[in-house]
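Read in full-length UniProt numbering, the sequence shown has 83 at position 83, and its numbers run on one by one without any break.
Keep in mind the hints are simulated off the structure, nothing from the lab. Where hints are given, some of them may not hold.
What the hints assert, rightly or not - Label pairs and their in silico Cβ distance ranges:
#	residue 1	residue 2	range
1	Phe78	Leu36	32 to 38 Å
2	Thr32	Thr68	29 to 35 Å
3	Tyr35	Lys69	31 to 37 Å
4	Ser55	Gly75	16 to 22 Å
5	Thr68	Leu36	35 to 41 Å
6	Asn3	His82	23 to 29 Å
7	Trp115	His73	16 to 22 Å
To be verified - Derived BS3-like pairs (lysine-lysine); straight-line CA-CA distance at most 30 Å:
#	residue 1	residue 2
8	Lys6	Lys117
9	Lys69	Lys86
10	Lys19	Lys141
11	Lys86	Lys47
12	Lys6	Lys83
In this text, a Cβ means the ideal position worked out from N, Cα and C, and glycines have one as well.
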Amino acid sequence: MTNEDKLRIYAAYLPYGLKGNLLPQTHEVEMTGIYLDDYNMHEIYIKPSGCYVMSRFKPIIYPLDFLTKEIEHEGERFVPIHKLRKYCIEVMGAKDYDTDIGIDKLIKGWEVQYWPKLFIDILLKWHFNVFNLPEDQFINKTNLKS
């Protein structure tokens, strides 16, 4: 995976307070910005400590197979697929059938370009691996100790 690929992926998570580790350390930091200079150096801004080479950052995200399992986000525990369905029906006025088709796309592993944009935005907010980063490129949030 190229730095340009990572740049695009990390940028999608920026509005949602993506956390990760700055290697080789293992303490959690929050990414607050991305910078690309004239020399093609990819850097990320970390709260509160400064700017680092992007290759040192490893995001902490959920794998997609946790869509049907309980997760915790911002202190709330829930099953993402249930919350997505409820949100689409109540807030967006979607019909059960339309919602089931969208959720089916997630569960069956359809490529992200075929997912409803609403789902992508919500999954980014919940810090899911929407872009299928390889396992060695992220920290599985479910493996962290509470």
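At the C-beta level, are tyrosine 35 and lysine 69 separated by a distance inside 31 to 37 Å? holds (36 Å)
Is 32 to 38 Å right for how far apart the beta carbons of phenylalanine 78 and leucine 36 are? holds (36 Å)
With respect to the beta-carbon atoms only, verify the hint that asparagine 3 and histidine 82 lie 23 to 29 Å apart. 37 Å Cβ-Cβ, so the 23 to 29 Å window is violated.
Range first: 29 to 35 Å. Now tell me if the beta carbons of threonine 32 and threonine 68 are that far apart. holds (31 Å)
Are the Cα atoms of lysine 19 and lysine 141 separated by 30 Å or less? holds (10 Å)
Does lysine 117 lie within 30 Å of lysine 6 when you go C-alpha to C-alpha? Given pair lysine 6, lysine 117 holds - Cα atoms ~20 Å apart, limit 30 Å.
Can the restraint linking lysine 69 and lysine 86 be considered satisfied, given a maximum Cα separation of 30 Å? Holds. Lysine 69 to lysine 86 sits at ~16 Å (cutoff 30 Å).
Is the straight-line distance between the alpha-carbon of lysine 86 and that of lysine 47 30 Å or less? Status violated; Cα separation ~34 Å.
Under the criterion that the straight-line Cα-Cα distance not exceed 30 Å, is the pair lysine 6, lysine 83 satisfied? Judged against 30 Å, a Cα distance of about 28 Å means the pair holds.
Tell me if the beta carbons of serine 55 and glycine 75 are separated by a distance inside 16 to 22 Å. Since the Cβ atoms of serine 55 and glycine 75 sit about 32 Å apart, the hinted range of 16 to 22 Å is violated.
Tell me if the beta carbons of threonine 68 and leucine 36 are separated by a distance inside 35 to 41 Å. holds (37 Å)
Determine whether the Cβ-Cβ distance between tryptophan 115 and histidine 73 falls within the hinted range of 16 to 22 Å. holds (19 Å)
Comparing the model with each numbered hint stated earlier shows that hints 4, 6, 11 do not hold.
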